[in-house]
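K.L.:
Here's the letter readout for the chains.
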Amino acid sequence: MKKTPYEDYLRSTHRLGRAVSILTLVMLVGAPFVIGGWLGAMPDLAAALRGFVSVGLVWTVSSVVEFLVYTPMLGAGGSYLAFITGNLINMKIPCAMNARDMVDAKTGTAENEIISTLSIATSSLVTILVLAVGVALLTPLRPLLQSPALQPAFDCVVPALFGAMAYKYFRKDVRLALIPLAVMTLLFTLVPSLTSSTSFMIIPSGAIAIGLAWLKFRRGQKEG
Amino acid sequence: MTVLERLSSGTMYAICGVIVAFVALVSLLFMARAWRAGKAIGMDPAKMRRAVTASATFTLLPSVGILLGVIALSGSLGIPWPWLRLSVIGALHYETQVASAAAEQLGLELSGSAMTAQGFSTIALLMSVCIMWGMIFMTIFGRRYLARLSRGGERKADSAGKPGFGDLAMTAMFIGMVSAYIGSYLGAFISGEGLLTFRGSWTPLLVAAVSALAMAGFTALSERRGLKWLDSFAIAGSMLLGMIAAVLAGQ
Numbered sequence: 001m002k003k004t005p006y007e008d009y010l011r012s013t014h015r016l017g018r019a020v021s022i023l024t025l026v027m028l029v030g031a032p033f034v035i036g037g038w039l040g041a042m043p044d045l046a047a048a049l050r051g052f053v054s055v056g057l058v059w060t061v062s063s064v065v066e067f068l069v070y071t072p073m074l075g076a077g078g079s080y081l082a083f084i085t086g087n088l089i090n091m092k093i094p095c096a097m098n099a100r101d102m103v104d105a106k107t108g109t110a111e112n113e114i115i116s117t118l119s120i121a122t123s124s125l126v127t128i129l130v131l132a133v134g135v136a137l138l139t140p141l142r143p144l145l146q147s148p149a150l151q152p153a154f155d156c157v158v159p160a161l162f163g164a165m166a167y168k169y170f171r172k173d174v175r176l177a178l179i180p181l182a183v184m185t186l187l188f189t190l191v192p193s194l195t196s197s198t199s200f201m202i203i204p205s206g207a208i209a210i211g212l213a214w215l216k217f218r219r220g221q222k223e224g
Numbered sequence: 001m002t003v004l005e006r007l008s009s010g011t012m013y014a015i016c017g018v019i020v021a022f023v024a025l026v027s028l029l030f031m032a033r034a035w036r037a038g039k040a041i042g043m044d045p046a047k048m049r050r051a052v053t054a055s056a057t058f059t060l061l062p063s064v065g066i067l068l069g070v071i072a073l074s075g076s077l078g079i080p081w082p083w084l085r086l087s088v089i090g091a092l093h094y095e096t097q098v099a100s101a102a103a104e105q106l107g108l109e110l111s112g113s114a115m116t117a118q119g120f121s122t123i124a125l126l127m128s129v130c131i132m133w134g135m136i137f138m139t140i141f142g143r144r145y146l147a148r149l150s151r152g153g154e155r156k157a158d159s160a161g162k163p164g165f166g167d168l169a170m171t172a173m174f175i176g177m178v179s180a181y182i183g184s185y186l187g188a189f190i191s192g193e194g195l196l197t198f199r200g201s202w203t204p205l206l207v208a209a210v211s212a213l214a215m216a217g218f219t220a221l222s223e224r225r226g227l228k229w230l231d232s233f234a235i236a237g238s239m240l241l242g243m244i245a246a247v248l249a250g251q
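Protein sequence lines, in the order shown, are assigned to chains A and B.
Here my numbering is used: position 38 in the first sequence is 38, and no number is missing along the way.
Here my numbering is used: position 77 in the second sequence is 77, and no number is missing along the way.
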C-alpha cells in the first residue's frame with residue numbers, strides 16, 4: 001500500500017533522528033576523551049563509575065519518566081530534537097506547549113508533530129545564538145571571572161544551587177522533606193567524615209523520601 | 001598556563017564549537033523538513049510562522065537565564081565546556097550537581113583553584129554519561145512507543161485525572177537529593193571542627209540560605225505579582241545572589 005507523504009515524513013524523521021542522536025552521543029561522550037588526550041590526562045573511569053552510581057541513577061530514572069511523559073506531547077521530530085538539545089523542563093516543553101496552544105494543535109495529530117518540531121528547533125537555535133553571543137562577550141571578562149576576589153563565589157556554586165532547589169522542592173511537600181533532612185543532618189553531624197561522600201548519601205536520603213512518599217500515596221488512595 | 005586557563009583556550013572552543021555547530025545544523029535540518037512536511041499536508045504557513053515567532057520570543061529570556069548558568073560554572077570549568085553543555089543537552093541544576101559528584105569521587109572540590117586535568121576530563125565524562133539516557137531511550141524505543149500510542153489513542157496521565165505516584169516519586173527523589181546536601185552543610189557547620197562544637201564552615205549554609213531566600217522572592221513575584229517571565233531567571237538568579245553572598249562573606 002502506498003504511504004502518504006506524512007507517513008513518509010514520519011518514517012524518515014525516525015531514521016534521521018536515530019542517526020543524529022547516535023552521532024551526538026558519540027561526540028558528547030567522545031569529547032571528554034579528546035579533551036583528556038589534549039590535556040594529557042584521560043578520565044578516571046573508576047571515579048566516573050562511582051559518580052554514576054551515586055548520582056547517575058537518579059538522572060536515569062528521571063530520563064525514563066521524561067521519555068514516557070514528553071514523547072507523546074512532542075511527537076517524533078520534537079522528541080529527538082528535545083532530547084538532543086536539552087533544557088526540557090525549564091524551556092523546551094513550555095515553549096512547545098505555548099506554540100501548540102497558539103495554533104490549537106491536538107496531541108497525536110500531524111499538526112502537533114509539525115508545530116512541536118518547528119517550536120523546539122526554533123527554541124534550540126535561539127538558545128545557541130544567545131549563548132554564542134553571550135560567550136563571545138564573556139571572553140574578554142575572563143580575567144575578572146577568574147580573579148581571586150571572585151573565587152569564593154565560584155567555590156560555592158553547589159551550595160548556591162542546592163539552596164535554590166531546597167526552596168523549590170521543599171515547598172512542594174514540607175512534611176515529606178522534614179524526615180530525610182533531619183536524618184541527613186543527624187548523620188552528617190555524628191559522622192562529619194561523610195561530607196566527602198555526600199553524593200553517595202543521596203541514595204539513602206532518596207530512599208527514605210520515596211518510601212515516605214509511597215506511604216503517603218497509599219494513604220491518599222485508601223482515603224480517596 | 002593553569003588548567004583553568006587551558007579550559008578556556010582556543011582548542012577548547014574549537015572542540016566544543018564543532019559540537020554546538022553540529023547541533024545547530026541538526027536543528028535547522030529538522031526545522032526545514034517540518035516546514036516542508038507542514039506545507040505538504042496543507043497546513044497554513046501563517047500558522048507555522050506564528051509558531052516559529054512565538055517560540056523565538058518565548059526562548060529569548062530563558063536563554064539569558066541559561067547564559068547566567070554558563071557564568072556560574074565558568075569559574076570552575078572554564079567557559080567553553082559549560083557553553084557546550086548548556087547550549088546542547090544539559091540543564092543548569094543537572095550540570096552543577098553531576099560535576100560536583102564527579103569532583104567528590106576524585107577527592108576534589110568543584111572550584112577553579114582545585115581543578116586538575118584529570119579532574120576535568122572525569123567531570124566532563126560523567127556530565128555527558130549521566131544525561132544521555134533520554135536520547136538513548138528515544139533512539140531505541142521512540143518509534144515503537146509513538147506507534148503504540150497512535151494505535152491506542154492519546155495517552156492519558158491518569159484515568160481519574162489525579163497525579164499518579166510517578167509525580168510524587170520524582171518530587172521525593174529530588175527532596176532526598178537536596179536533603180543530603182543541605183544536611184551535609186548543617187553537619188559540617190555543627191561538627192566540622194569537632195563533634196557538636198558549632199565551629200565548622202558556615203559559608204555554604206549562608207550561601208544556601210541566601211539562594212533559598214532569593215528563590216522564595218522570585219517565586220513570590222512570579223506567583224503573586226504575575227511576573228511569570230521571572231521563572232526563567234529564578235534558579236540562575238538565586239544562585240548568583242548566593243554566590244555574591246559568598247564573596248561578601250569572604251571580605
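Take the hints with a grain of salt, since some may be wrong.
[To be verified] The calculated label-pair distances, taken between Cβ atoms and stated as ranges, are: (1) B:Gly107 with A:Gly37: 46 to 56 Å; (2) A:Gly30 with B:Glu223: 15 to 25 Å; (3) A:Gly30 with B:Leu29: 38 to 48 Å; (4) B:Ala21 with A:Glu7: 45 to 55 Å; (5) A:Val69 with B:Leu25: 22 to 32 Å; (6) B:Glu223 with A:Phe33: 38 to 48 Å; (7) A:Ala207 with B:Gly42: 44 to 54 Å; (8) A:Ala19 with B:Phe165: 32 to 42 Å; (9) A:Lys222 with B:Leu29: 44 to 54 Å; (10) A:Gly40 with B:Ala216: 21 to 31 Å; (11) B:Phe141 with A:Glu7: 47 to 57 Å; (12) A:Val69 with B:Val247: 37 to 47 Å.
Just so you know, the hints here were simulated from the structure itself, not pulled from any lab data.
Heads up, the beta-carbon is just placed ideally off N, CA and C, and yes, glycines get one too.
K.L.:
Which hints, by number, does the structure contradict?
P.N.:
Hints 1, 2, 3, 4, 10, 11 not satisfied by this model.
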